[in-house]
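There are 2 protein chains.
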Amino acid sequence: MHIGIIGCGQLARMLAQAGAPIGATFSFVVEPGADPTPVKGLGQQTPLRDCMTPAELYAALDNPSVITVEKEHVDVPLLEALSAFCRVAPNPQAVHITQNRSREKNFLNQLGIPTVGFAQADSEQALRTAAQQIGFPIIIKSEEAGYDGKNQWRIRSQADLDTFCAAQQHSALDLVVEQWVSFQAEVSMVAARNTQGEKTFYALTENRHQNGILLTSRVPAPHGSEALSQKAQHYLNTLLDALNYVGVLAMECFILGDQLLVNELAPRVHNSGHWTQQGSNTSQFENHVRAILGMPLGQADLRHHAAMVNLLGIEASAGQVASPQTTLHWYDKTCKPGRKVGHINIQDECGKTVDDKLNALLGVLYHEQTDA
Amino acid sequence: MHIGIIGCGQLARMLAQAGAPIGATFSFVVEPGADPTPVKGLGQQTPLRDCMTPAELYAALDNPSVITVEKEHVDVPLLEALSAFCRVAPNPQAVHITQNRSREKNFLNQLGIPTVGFAQADSEQALRTAAQQIGFPIIIKSEEAGYDGKNQWRIRSQADLDTFCAAQQHSALDLVVEQWVSFQAEVSMVAARNTQGEKTFYALTENRHQNGILLTSRVPAPHGSEALSQKAQHYLNTLLDALNYVGVLAMECFILGDQLLVNELAPRVHNSGHWTQQGSNTSQFENHVRAILGMPLGQADLRHHAAMVNLLGIEASAGQVASPQTTLHWYDKTCKPGRKVGHINIQDECGKTVDDKLNALLGVLYHEQTDA
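Protein chains in written order, with the numbering used here: chain A, 19 to 390; chain B, 19 to 390.
Repeated chains share a single entry, so a pair holds when one copy, or any two copies, can fit it.
Dumping the calculated BS3-like pairs for lysine-lysine here, alpha-carbon to alpha-carbon at most 25 Å:
#1 58 x 351
#2 370 x 217
#3 58 x 354
Hints were generated in silico from the structure; no laboratory data involved.
With these hints in hand, go ahead and build the complete structure from the sequences.
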């Protein structure tokens with residue numbers, strides 16, 4: 019049971035930490051410029067070199083029985099080439115679809131899964147036409163390479179758009195224009211599907227972002243409902259089968275009345291599923307490992323109330339943030355402003371205790387209070 | 019937050035696995051003849067050599083801020099010497115008391131905590147006198163160096179005793195003679211106390227042994243009651259304070275009507291607390307790490323029904339034993355007959371599901387059924 023992970027960040031770390039107890043071993047592909055400290059001691063590290071053939075990479079990973087990814091921006095042709103040597107899960111096609119916002123949204127819409135209105139734009143003219151069709155306010159995003167709120171621009175008016183276009187002058191455009199909806203809340207759901215097609219779904223999670231980066235998660239979702247949870251499960255169920263997906267898939271949505279608009283998919287374990295480490299019998303990390311190894315999935319039921327707060331550039335010590343209701347997860351990374359260096363899970367039978375604890379931690383860590 | 023562990027077996031492994039996410043690092047003292055594979059990759063290993071001074075050992079452990087143990091049979095003078103360099107938790111005195119059965123029972127009785135009737139015997143004459151005083155049947159145990167049912171003899175009659183004495187001829191005797199009670203069940207409780215004296219108690223656990231080795235645990239204890247749980251908590255509470263104990267302490271007891279007779283203490287995380295990995299918000303391993311680092315302890319509440327089955331010399335693969343209700347913990351050891359190579363935790367909201375799953379696993383693994 020040897021697993022190769024393309025990537026060496028905190029998701030790879032937590033996959034290996036969850037997989038070790040069940041007897042899995044790991045090796046990691048370290049991409050140029052990546053910091054491998056999160057996976058230190060957890061398995062062999064293989065620097066990815068341009069000159070490497072897939073066979074060489076596979077051998078350097080010590081011939082894993084399955085290869086997986088910890089992010090969507092990986093080289094899909096490489097994944098396809100590696101498929102000749104062992105199972106690649108999720109499959110390269112699923113990763114390919116999620117790498118491009120329009121491709122992903124078209125795929126969703128084809129399956130009858132609603133998204134915000136959107137249009138592709140590869141020129142200034144196309145951008146202006148799209149803005150007119152959709153109507154202000156809009157959000158412009160790069161088609162690829164955007165995450166944690168990077169490469170996104172909120173455009174409120176024609177004047178904003180003119181400014182934006184002036185700044186982009188002479189750049190090749192590869193953008194998607196999205197309708198800006200006044201959603202009630204951002205939620206996500208994480209699900210797993212194993213090689214036999216068995217599926218399990220985690221609870222609908224409400225997320226709060228700061229500067230485009232996830233700050234907190236809360237389950238059960240305060241703005242959720244049984245109907246919305248069912249809708250999310252139905253969409254994910256459809257997606258997992260349509261993609262013949264193996265592993266954990268995350269789906270981020272906006273709540274708009276009784277509608278759930280899918281904003282983004284992530285073909286991997288997801289930050290909004292970190293609460294599952296303490297809040298569920300089987301974490302998303304363990305279930306990803308189980309899924310890709312073809313094992314029965316573990317129970318994903320929410321145990322009680324749970325929350326998560328990210329440590330963004332904050333060197334919190336375990337002693338400082340520990341309490342009976344909290345568990346620190348530290349990634350062993352160097353602290354830099356805004357960098358995800360750890361998270362804290364909060365859990366209790368009582369929802370108010372979780373909310374109070376979350377507010378207290380936000381106060382201590384970020385000197386702020388939530389409205390939750 | 020660097021911790022030195024004296025020992026390198028599965029308990030050290032699971033302590034390190036639980037401590038890594040909260041930012042603790044580990045190093046391990048490998049005693050002569052010990053197999054260090056369970057802690058491979060989890061930290062630096064230091065072989066213990068006779069010629070080593072405590073200062074050299076402390077330096078070889080990379081100057082930990084606290085040193086702990088994964089078993090009771092450690093060199094107490096060494097622990098005392100190491101106390102000059104950093105905190106040793108639990109303290110050497112607590113370890114010392116638990117190393118000797120009579121010493122431990124006397125300590126318990128002095129605190130008003132009941133045990134079975136017992137007497138020390140350092141000669142054949144003393145042994146015969148003790149047997150007469152206590153009355154057959156009895157159990158003879160070696161004072162020290164006995165664990166997992168080793169060095170224990172059940173003596174039913176005078177004839178048995180004569181045979182035993184004949185076999186022991188010319189040996190130096192260092193024995194304890196215990197009353198053989200017809201207990202209703204064997205139970206245990208695990209508790210933690212941190213450096214500030216805060217305590218937390220896990221649920222009363224019912225244990226079943228096979229040839230003196232723990233085979234299964236089940237919580238809540240089928241033969242338990244609120245009154246017995248309170249009694250166990252009261253005893254542990256007394257012990258933790260009396261020993262000025264820091265870390266996890268395990269207490270094994272017999273249920274005899276409404277009485278709880280303490281059979282044995284273990285100054286460490288304990289096999290009968292392995293269910294806490296999935297069955298509680300904070301495992302005994304994480305709480306031991308929290309306790310010795312002086313952090314607030316995590317919630318120890320039982321979430322629902324749980325059980326554990328040990329893998330004794332059985333190379334069970336994760337795929338073979340996995341189910342939605344089960345989680346494998348594999349120790350990465352070579353499989354030998356009777357050797358503890360892993361365990362499986364079972365958990366569900368429904369007690370019958372846990373019982374059925376436990377029986378099914380015992381059937382698959384050991385070709386047997388429990389009466390549970």
